[in-house]
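Student: Letter by letter, the chains look like this.
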Amino acid sequence: MSDEVDPATETPPATAQRLLDVRGLRGGYGPIQVLHGLDFHVDAGEVVVILGANGAGKTTTLRAVSGMIEIAGSVVFDGEEIAGTKKADIVRKGVAHVPQGRGTLPELSVVDNLRVGAYSRKDKQVDADMAKWFEVYPVLHERRDQRAGSLSGGEQQMLAVARALMSRPRLLLLDEPSLGLAPLIVQDLFQRFREINKETGTTMLVVEQNARLALGIADRGYVIESGQIILQGDAASLIDDDAIRKAYLGV
Amino acid sequence: MELFIARLFDGISNGATYALIALALVLIYKATTLINFAQGEMAMFGAFIVLVLATERGVPIWLAVVIGMAISALIGAGIERTLIRPFDPADHLPLVIITLGLFLVFGATAGIIWRFDPRPFPRMFPTGNALSFGVATLTWYTVCVVLTVLIVVGLLTLLLNKTKIGLAFRAVSSNLESSELSGIRVGPTLQFGWALAAAVGTLAASIYVANPLFQLEPSVMARVLIYSASAAALGGLDSLGGAIIGGIAIGMVQSIIVQYVPFIPNELSLATAVAVLVLVLVFKPSGLFGTPQVERV
Chain A
1 MSDEVDPATE
11 TPPATAQRLL
21 DVRGLRGGYG
31 PIQVLHGLDF
41 HVDAGEVVVI
51 LGANGAGKTT
61 TLRAVSGMIE
71 IAGSVVFDGE
81 EIAGTKKADI
91 VRKGVAHVPQ
101 GRGTLPELSV
111 VDNLRVGAYS
121 RKDKQVDADM
131 AKWFEVYPVL
141 HERRDQRAGS
151 LSGGEQQMLA
161 VARALMSRPR
171 LLLLDEPSLG
181 LAPLIVQDLF
191 QRFREINKET
201 GTTMLVVEQN
211 ARLALGIADR
221 GYVIESGQII
231 LQGDAASLID
241 DDAIRKAYLG
251 V
Chain B
1 MELFIARLFD
11 GISNGATYAL
21 IALALVLIYK
31 ATTLINFAQG
41 EMAMFGAFIV
51 LVLATERGVP
61 IWLAVVIGMA
71 ISALIGAGIE
81 RTLIRPFDPA
91 DHLPLVIITL
101 GLFLVFGATA
111 GIIWRFDPRP
121 FPRMFPTGNA
131 LSFGVATLTW
141 YTVCVVLTVL
151 IVVGLLTLLL
161 NKTKIGLAFR
171 AVSSNLESSE
181 LSGIRVGPTL
191 QFGWALAAAV
201 GTLAASIYVA
211 NPLFQLEPSV
221 MARVLIYSAS
231 AAALGGLDSL
241 GGAIIGGIAI
251 GMVQSIIVQY
261 VPFIPNELSL
271 ATAVAVLVLV
281 LVFKPSGLFG
291 TPQVERV
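So the sequences go chain by chain: A and B. Note that our numbering has the first sequence beginning at 1, numbered continuously upward. Note that our numbering has the second sequence beginning at 1, numbered continuously upward.
Excised from the complex, chain A in its bound form (with noise of 0.2 Å):
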């Protein structure tokens, strides 16, 4: 048996309910390696966030958890190892992925994005589902029948996020949601993100350049640079960090 307790674990007790554990992430674009070896850890209904600077390897971390590129290391999701799995069967388990930038469907209709994020869902509550994320995201149901293209930007980033949210998933991975969105806007989806973990429990991994903003609604953090984690801890003592300070919040 391999399920040896590993003594360096700060909480053993905590393992039982640890969803993503990630140990020595390697992994890149053909010949250029990004990760360098990354360690961290999500337990079942926390918000993590990962903060980095640009070209740190943020987004490449979480096309490592879902499948999207080839990996070293060891990728283990609910007890189980994932790396090495087709993104398709990694949906299937539980891991839904908002990609960078907009991650809709731009040639189909709001509706039609939704359906498409429930695919993998066999049961009948589909359209259930999409009645309840239609009550969080108004703005969605007043447009169900336009294109997503059309839709501005925001409303695209509800779009995606709603779409994954509609596989029900037990982790959802965020990739910079605040990218190229107006301030106020970006408020209100992290608040958005926060009530929506409260609510249904959904664990969340959240990638973002905006610290102060994501520390927020999050519960721990982790920063990396250059492929490396170099820094970690809870939201609230990450905040008050003179490093993270000085290189994230610009104060």
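Treat the hints as calculated values from the structure; they're not laboratory data. Bear in mind the structure is a predicted one, so any value in this text is a computation, not a measurement. Take the hints with a grain of salt, since some may be wrong.
[Stated by the list, open to error] Cross-link-like lysine-lysine pairs, in silico, DSSO-like; alpha carbons within 27 Å at most:
#, chain 1, residue 1, chain 2, residue 2
1, B, 164, A, 132
2, A, 246, A, 198
3, B, 164, A, 122
4, A, 124, B, 284
5, A, 198, A, 93
[To be verified] Quick partial rundown of chain B residues pointing at chain A, CB under 10 Å, derived from the structure:
#, residue
6, 91
7, 92
8, 167
9, 168
10, 171
11, 172
12, 173
13, 174
14, 180
15, 291
C-beta: ideal position from N, C-alpha, C; glycine also.
We have chain A; now place chain B onto it with these hints.
Tutor: Relative to chain A, chain B alone:
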């Protein structure tokens, strides 16, 4: 005036075939974002299967068409699995060369199996005229061909808009990465597009050579492909309705130009299709009904 109407009717019946092949091209384009240069030859090959079933095995013609379409769908699915899927979808050159290779393979194979002599195709539609004004006659063939095209486009629209595989197909053709991240298996979905296109192509080639004026031979679809590619480009390459309107329009343009522009003889009518193609690409690259390639940065 009667002559004009007569030419229009001729244009419609040819145009309907162009429309169906254009429809097949659009399906492949939506799946793989390339023009399948072998589409016409695959369709010709399918029509030969129909012909053999009907004339040598005594299968009723419409049943033979359905069986031929099913066999073609399997061939199309096999091609996608073995020759398309292994390649990077973003790198078009190898894929284009593969479809050109398939063009040669299907043409040569049909010649080896069935020889190059033209063969009459079984009648699929009633003969005679539905309407006539003097020299202008609307044959039952034309009426039935147009009806067939409308039924096919109707069924395809239902399939794409009302079924789960249709939703997956539209999703993949809209945004491959996001579709994959939603749990759609991209390979089988694109394979479905190839199978569908091959089946529609075989129907198109069958109704084309079912025209009492034509016969089936291995090179019969080569010209049709040029007209159909122009039709698909005119319609916007990713629009089913656009392919139909483009096909009928190209058929009519061909028919009327040959009649009324004296310096373009019938042999040069293919050039009209190429001219339309060039004009579309220069002045409206997204066609009449296509989705413009706009990206917000």
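Student: State for each hint whether it applies.
Tutor: Structure-based check of all given hints:
Note on residue 164 of chain B and residue 132 of chain A: the hinted pairing holds, with a Cα-Cα distance of about 22 Å set against a maximum of 27 Å. For the suggested pair residue 246 of chain A and residue 198 of chain A, the alpha carbons sit about 31 Å apart, so the restraint of at most 27 Å is broken. Using a Cα cut-off of 27 Å, the hinted pair residue 164 of chain B and residue 122 of chain A holds, with the two alpha carbons roughly 11 Å apart. With a C-alpha separation of about 44 Å, the suggested pairing of residue 124 of chain A with residue 284 of chain B is violated against the 27 Å cut-off.
About 21 Å separates the Cα atoms of residue 198 of chain A and residue 93 of chain A, which keeps this hinted pair within 27 Å; it holds. The restraint placing residue 91 of chain B at the interface with chain A is violated, with a minimum CB-CB distance near 14 Å, outside the 10 Å limit. Hint status for residue 92 of chain B: violated, given a least beta-carbon distance of 20 Å to chain A, over 10 Å. A hinted interface residue such as residue 167 of chain B counts as satisfied when its beta carbon comes closer than 10 Å to some beta carbon of chain A; here the least separation is about 6 Å, so the hint holds.
Proximity of residue 168 of chain B to chain A holds as hinted, the smallest CB-CB distance being about 7 Å (cut-off 10 Å). Because the smallest distance between the Cβ of residue 171 of chain B and any Cβ of chain A comes to about 5 Å, under 10 Å, the interface hint for this residue holds. A cut of 10 Å between beta carbons decides the hint on residue 172 of chain B: the least distance to chain A is about 9 Å, and the hint holds. Proximity of residue 173 of chain B to chain A holds as hinted, the smallest CB-CB distance being about 8 Å (cut-off 10 Å).
A distance limit of 10 Å between C-beta atoms decides the matter here; for residue 174 of chain B the minimum to chain A is near 4 Å, and the interface restraint holds. A distance limit of 10 Å between C-beta atoms decides the matter here; for residue 180 of chain B the minimum to chain A is near 5 Å, and the interface restraint holds. Hint status for residue 291 of chain B: holds, given a least beta-carbon distance of 6 Å to chain A, under 10 Å.
Against the hints set out earlier in the document, violations occur for numbers 2, 4, 6 and 7.
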